[in-house]
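Asker: Here's the letter readout for the chains.
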Amino acid sequence: MATEVLPDELALRTARRQRAFAAMDEHGIDALVLGREANARYVAGAQRLWTAGTRPFGPGCVVVRSTGRIHLVSTWDEGIPEDIPHEQLFGITWNPGRLFAWLQSIEGLAEARRIGTDSLTPGFARAFPRLFPHAELVDAEPALEDARRIKASEELVAIKSALRVAESALAHTVATLRPGVSERTLAGVFMEAMARLGVTTPATQQVAWISSVPRPPSRQDWRVASADDLVSFDAGVVAGGYVGEVGRTWPVRRQAVDAGTEGLFQRADELWARLVDACRPGAACEGLLDAYRAVGQELPSFPVASGLGLGFDAPVVAASLPRTAATTVLEPGMVLAVTAFVTDQRHRAVLRKDAVLVTDGAAEVLTTAPRWPDDHVP
Amino acid sequence: MQRDRRIRLAAAMAEHAVDALVLLGNSNVAYATGARWPLSDPGRANIERPVAVVVAEDDDPHLFTTFPELGLLDLGLPEDHVHGPLYLDFDEGARDLARFLAELLPPGARVAIDELPGAVRRHCASCFADGGPASADDVVGSAKLVKTPDELGFLRRALAITEQAIAPTQAALVPGMRQNELTASFLRAAFDLGADANVLDPIWQVMPDRLADGPWTTHGDIACPLLTTERVLERGDVLWVDTGISYAGFASDFGRTWIVGASPTPRQEAQFRAWREIVDAVLEVTRAGATAADLTRAARDAASGERQPWMAHFYLAHGLGIDSAEPPFIGTDLGDAYDERQVLAAGTVLVLEPLVWEDGIGGYRAEEVVVVTEEGTISLTDYPYDPYGH
Chain A
1 MATEVLPDEL
11 ALRTARRQRA
21 FAAMDEHGID
31 ALVLGREANA
41 RYVAGAQRLW
51 TAGTRPFGPG
61 CVVVRSTGRI
71 HLVSTWDEGI
81 PEDIPHEQLF
91 GITWNPGRLF
101 AWLQSIEGLA
111 EARRIGTDSL
121 TPGFARAFPR
131 LFPHAELVDA
141 EPALEDARRI
151 KASEELVAIK
161 SALRVAESAL
171 AHTVATLRPG
181 VSERTLAGVF
191 MEAMARLGVT
201 TPATQQVAWI
211 SSVPRPPSRQ
221 DWRVASADDL
231 VSFDAGVVAG
241 GYVGEVGRTW
251 PVRRQAVDAG
261 TEGLFQRADE
271 LWARLVDACR
281 PGAACEGLLD
291 AYRAVGQELP
301 SFPVASGLGL
311 GFDAPVVAAS
321 LPRTAATTVL
331 EPGMVLAVTA
341 FVTDQRHRAV
351 LRKDAVLVTD
361 GAAEVLTTAP
371 RWPDDHVP
Chain B
1 MQRDRRIRLA
11 AAMAEHAVDA
21 LVLLGNSNVA
31 YATGARWPLS
41 DPGRANIERP
51 VAVVVAEDDD
61 PHLFTTFPEL
71 GLLDLGLPED
81 HVHGPLYLDF
91 DEGARDLARF
101 LAELLPPGAR
111 VAIDELPGAV
121 RRHCASCFAD
131 GGPASADDVV
141 GSAKLVKTPD
151 ELGFLRRALA
161 ITEQAIAPTQ
171 AALVPGMRQN
181 ELTASFLRAA
191 FDLGADANVL
201 DPIWQVMPDR
211 LADGPWTTHG
221 DIACPLLTTE
231 RVLERGDVLW
241 VDTGISYAGF
251 ASDFGRTWIV
261 GASPTPRQEA
271 QFRAWREIVD
281 AVLEVTRAGA
291 TAADLTRAAR
301 DAASGERQPW
311 MAHFYLAHGL
321 GIDSAEPPFI
331 GTDLGDAYDE
341 RQVLAAGTVL
351 VLEPLVWEDG
361 IGGYRAEEVV
371 VVTEEGTISL
381 TDYPYDPYGH
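Listed in order, the protein sequences are those of chains A and B.
With the numbering used here, the residue at position 115 of the first sequence is 115, and numbering never jumps.
With the numbering used here, the residue at position 252 of the second sequence is 252, and numbering never jumps.
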């Protein structure tokens, strides 16, 4: 983070826009009307306010292929790259009529034959055909996924930088782990460390859970760690728009861990090695699901792998998407957050989540965070 | 609380002639099911999101989640109403939803949904009536407009956590501190006090004295909120503070003006008094049955000068509760005629956020959270206005 609000760097913006325009050409899309902030950030390179959770769809960024211009909803020019001049900014509005008039005034949009959106609401689904009667309204997500899933070298730099912040904040959090500390306090320690490192936006706010199968904390079960517990950390930050996530499990009392617990960590490592091995170019994503079967671990209901970039990217590999996993092929340049998650009869869990870059050869693990028992206590 | 919401939702569904709701938006799912989870980055939240299906004749909602045990243990939902996750950005997930709805609903059922990802449009068209689905946001929006006493209790707690976390943060503010260090202090304290999640990147905006010294804007008016950086705060900097957290599915909102390491000048103090007069004038007319236009008129009349006493790109007031900004929105660019038609109901929670600006001197802005009653309003917060108001 800097001392002023800056747009993404030129090289990063250029690399992403080239990919986005190429994907538009490939998919025959003449214009994009984007509501998802990750897509808008990808093409525009502008910083806008971060909020947590899903947002309702609304046009926030427009890309016109014929003019090559990017238009943004922003009332001010702070954080907006200079290649998006003032004429291409439109102030925040609550008035659909004004929004529609703006869209219709954008040069080249009315002439577009195929307009892609990254989602819709029922209201916009009805409004767009009236606003652009000559255009076919198409789903732009496949095109955007094509662009986003292979990372430019500038993006890898951004992801690694986000990972370093997540790892550093995690190390600080693990250092405070002791009997009596609550999940809630561990989350607060992580947030504080992250913000002190200059990043004020988390990717996930679960952060820590104690002992058993992960579940979102509620007031009743923000639990307190005891000496024999295992604490799993799912630590993620959003830095420069990019998500850096790392997952680790630490025993509360690092000395005198019983053989059963050691065995659980060993199973997690074995699963993890199989998962990383499955991240080969040309391999189907179902290899990641098979890795769980090979070690006899039931698949978790959350994704075992998902693309890292501006938020979640394709592919998303999950137990409930088996056909998707069978037909999606890994390619060099994808970055995946790969999760090994093992449980035992006592409902104890060990989590190991790393960022993995698919290359032409063996996968490259981008995460460097220490883990128990191989590394020293941070 | 969920029983009360169920009744409100059923009434709203009847009013909108809807047989079933399919909810993808985090806050709509939280409202309809009572499910509670720490909100993640929107990029991740789009994919890994719980989904709810509410059927008019069924007392319990269906919940699709990556944490099925949550629904069983915490929400008391019947086992056959709790399902594994639906990934609705994917064809496979959207097909699963279409199959589920086809089994659950009679042919011709009128379905409302709050978002239509491409895969849902491709595979669920047969689930919706001709002309497409109705807007579930409209249905949930009208249900949540009025808060029940239980809901107000949770909201008060969310607001109290926020203010208790702000207090040590404000106390630590000294010249030389960085903006992001204020965020660090606030987030640490908020989580210690029981917050489930941070809901927006907290704002500690250093305000210029003159608009010309701030960024260019589309409307020539104030640019706000501007993002937090590692900027070092200097003595005398005027900060516009805006933040909020979520707790048990409720969102808080907090806004004040602070001065770094200094007391307000007489001119600054006068701005605070002028702001207070605007708030008092608005509260004077705020009650069940008043229109939104009554509030904007009161604010304009109380403000000296030509300037509209709130941000041109926002509003004089917004609703609060499930989202950190939710209907009603009062004083937007929808205009006076729209506000004349918005009638306030008892139980609606409002955040009043007028401001005072004098170009060359700067301005004062703070937020006042109240619940509308038949007789007037009840304040939900009591955080001091320091260093102003002495």
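The hints are simulated quantities; they were obtained by calculation from the structure and are not laboratory data.
A portion of the hints provided could be inaccurate.
Derived DEER-like restraints, expressed as beta-carbon distance ranges [as the list claims (entries may be wrong)]:
| hint | chain 1 | residue 1 | chain 2 | residue 2 | range |
| --- | --- | --- | --- | --- | --- |
| 1 | B | A171 | A | G97 | 42 to 50 Å |
| 2 | A | Q345 | B | V206 | 52 to 60 Å |
| 3 | B | S304 | A | G97 | 25 to 33 Å |
| 4 | A | T67 | B | P107 | 45 to 53 Å |
| 5 | A | Q104 | B | T148 | 38 to 46 Å |
By construction, the Cβ of each residue, glycine as well, lies at the ideal position given by its N, Cα and C atoms.
Asker: Does each hint fit the structure? Answer for all of them.
Answerer: So, going through the hints one by one against the coordinates:
Between A171(B) and G97(A) the C-beta distance comes to about 47 Å, which sits within the given range of 42 to 50 Å. At about 56 Å, the CB distance of Q345(A) to V206(B) agrees with the hint of 52 to 60 Å. Under the hint 25 to 33 Å, the C-beta atoms of S304(B) and G97(A), about 32 Å apart, fit the expected range. At about 46 Å, the CB distance of T67(A) to P107(B) agrees with the hint of 45 to 53 Å.
For the pair Q104(A) and T148(B), the supplied restraint of 38 to 46 Å holds, since their beta-carbon distance comes to about 43 Å.
Hint compliance for this structure: every hint is met.
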